[in-house]
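With the sequences and hints as input, model every part of the structure.
Residue numbers (my numbering), protein chains in the order written: chain W, 1 to 377; chain L, 1001 to 1377.
Calculated directly from the structure, the hints in this document are not laboratory data.
Any given hint could turn out to be false.
Lysine-lysine pairs mimicking DSS-like chemistry, simulated, CA-CA at most 25 Å apart [unchecked claim]: (1) L:K1279 to W:K343; (2) L:K1343 to W:K264; (3) W:K343 to L:K1264; (4) W:K279 to L:K1343; (5) W:K174 to W:K184.
There are 2 protein chains.
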Amino acid sequence: MHAVGLITEYNPLHNGHRYHLETAKRLTDADCTVVVMSGNWLQRGEPAILDKWTRAKLALQAGADLVVELPVFYATQPAHLFARGGVELLSALGVAQLVFGAEHPELDFGRLATALAGASGDFSHYNATYATQFNAALKAATGVTLTHANDMLGFCYYVANHHLAHPMQLLPIKRQRVAHGEEKIADSHFASGTAVRAAAFKRDWVAIEPVVPASTLIQLQTQRLQCWDDFWPFLQYQLLTVNVAQSGQYDQMAEGLEYRMREKAQTATSFTDFLHQVKSKRYTYTRLQRVATAALLQLTQREVQTAQAHNYVRLLGFNATGQAYLHQVKKDLPVPLYTKINKDLRLHGLNLDYRAGRVYQLVNGASQDLYRQPWRL
Amino acid sequence: MHAVGLITEYNPLHNGHRYHLETAKRLTDADCTVVVMSGNWLQRGEPAILDKWTRAKLALQAGADLVVELPVFYATQPAHLFARGGVELLSALGVAQLVFGAEHPELDFGRLATALAGASGDFSHYNATYATQFNAALKAATGVTLTHANDMLGFCYYVANHHLAHPMQLLPIKRQRVAHGEEKIADSHFASGTAVRAAAFKRDWVAIEPVVPASTLIQLQTQRLQCWDDFWPFLQYQLLTVNVAQSGQYDQMAEGLEYRMREKAQTATSFTDFLHQVKSKRYTYTRLQRVATAALLQLTQREVQTAQAHNYVRLLGFNATGQAYLHQVKKDLPVPLYTKINKDLRLHGLNLDYRAGRVYQLVNGASQDLYRQPWRL
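Below you can see the structure in the form of structure tokens.
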């Protein structure tokens, strides 16, 4: 059996994602579709609208054969680290091909990545101005600038892939019509995740129905929907009580930002108000949301970096095909395979994902790790 | 002018407290009644049912002339430290006499304190088994055991007074009929604070009306009433996310208790359930509540001990008599006098009280420090 891989968030799963899944299968003629999906906290530093179990089930229902979780210490990171975590997991699972959506799939990502690898310094460490520095170096080396989110992410997949002992084949495909982050549902069949979420919080099912699978619509209609405002009381409380010596250790915190966050938390009236108050030219909203996520989860930079060196495969679900594929690759897995949590994993191996899920559960109400087993569809 | 002092919590102010105020004036014929009152967090490790401003106003309405706050780093401590903080403040304010209620005012507290001072080791540091150790030493030195809460507290006033350069005169009076902590309102005129709070949460105004001043009844009927359950979501969140290396530093945390608290926080369904689960023979409920308060406020032992060495007079309110008295003693105050908070005090001098109030405000909704000025009645 050979497998094709996808790196996803499914926040929530919509027709664009289904198209991605179907195209990946068609292009590669793979026997198995392996999906790496962010857990309850996402790359832009926000909670998922539906929890990871609901989203993993939707992925299986949409055609994925095997769904594994991208751990929180990769899922809530800048593009290059998010990409690295996902690529590592697909490679660990013996996946031969990675299919991803890009705004400009015609770009020669491979050449750009090779050129930058030769021209640039070290981009593997977290850096506040990574995107800017990176684009400056890329422009100097190749004359090209990447300004679209998924082009950038695609490029990062190539860079990460470049570091593998056995690189995968990477296949960019054209994203369907809507721009990433587009806020309104205008098209008849496709819409961005942002637009779907906005409509879901308004409970505008009529707008959503044409652009998502029926199973997604049902979940949105019946499950609790999470957003940052739900977690704001906890974040505010945390910023009001924590010592700045401690909050200064949070992942992705910038020099002095811990003081600014503490100050603004005193009087902010909502998460949106807080972000507006903290915002300055030095930080993007996405960056601030990621720091807020780290603060909420009390994730320190040290914890995150240590955990990144110990990646693992956490199963969220599979069907018969996925199970057969897993059986085939299991003995050669270079990282641990976790199917169920136990006390040791809760306190050690899976402690950051457990913590991230436990905080999510404070709002969502559903256990995210304890007593959970992978879906078998 | 000469002043009499009282050390109080007023949770909430009831007829027993009014009797205490009136008796203190009558006994001492003082020109001014100075009340030291706990702020929003109390000696038994719980939030006050009414905030400090409401309770300070009730104190003034009940006959106090000057009300100052017992800082959180003394208010939420075991009896001997609570007593020391209060005695220090009264002494700093030039108070000559301290009147307190005891179950057995006929006890020769002065002799006991002197005997213990000679016989015992160091009781000035926090110790898990302070009460037990203390009673063993007291019994050995004097043959007496103190088993009632206010006898014990009274004794602690004597010990603290003993250390003053100019000790005050201490006057124990008999507490009126109801036992401290008695849970039901049975008497026609007096009830314990516990009983009043229980009735208030049931909104049983008929039961409360005979045992509190009219002004207290109105406040209970119109203000938001706080209890631990209100703060439980924040405490649980904190215990779920904090590193045990950090929570192990919280004030009054015992060896290993931080692990036990983290474990029980995973599944506890309420503050009461949490306490029941954490409870063991080693810790009293009061002790656990104090640790929970420190955890909620993220007060470390180091912060508390440092702050205790820098006590201050924080004004909550006064009338014309209190103002005149304050004017008389102000120039000789051995500690700072704070009437209003500013940014420097918020971040430094008053930072622990500010933090304690800011967390209380998350539930209560009313600013506890910013924009607040002492009542002038």
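Hints, verified against the model:
1. L:K1279 to W:K343: It holds: about 22 Å lies between the C-alpha atoms, which stays within 25 Å.
2. L:K1343 to W:K264: 13 Å, holds
3. W:K343 to L:K1264: 13 Å, holds
4. W:K279 to L:K1343: With a Cα-Cα distance of about 22 Å, the restraint between K279 of chain W and K1343 of chain L holds, given a limit of 25 Å.
5. W:K174 to W:K184: Given that 25 Å is the threshold and the Cα spacing comes to 20 Å, the pair holds.
Taken one by one, the earlier hints all hold for this structure without exception.
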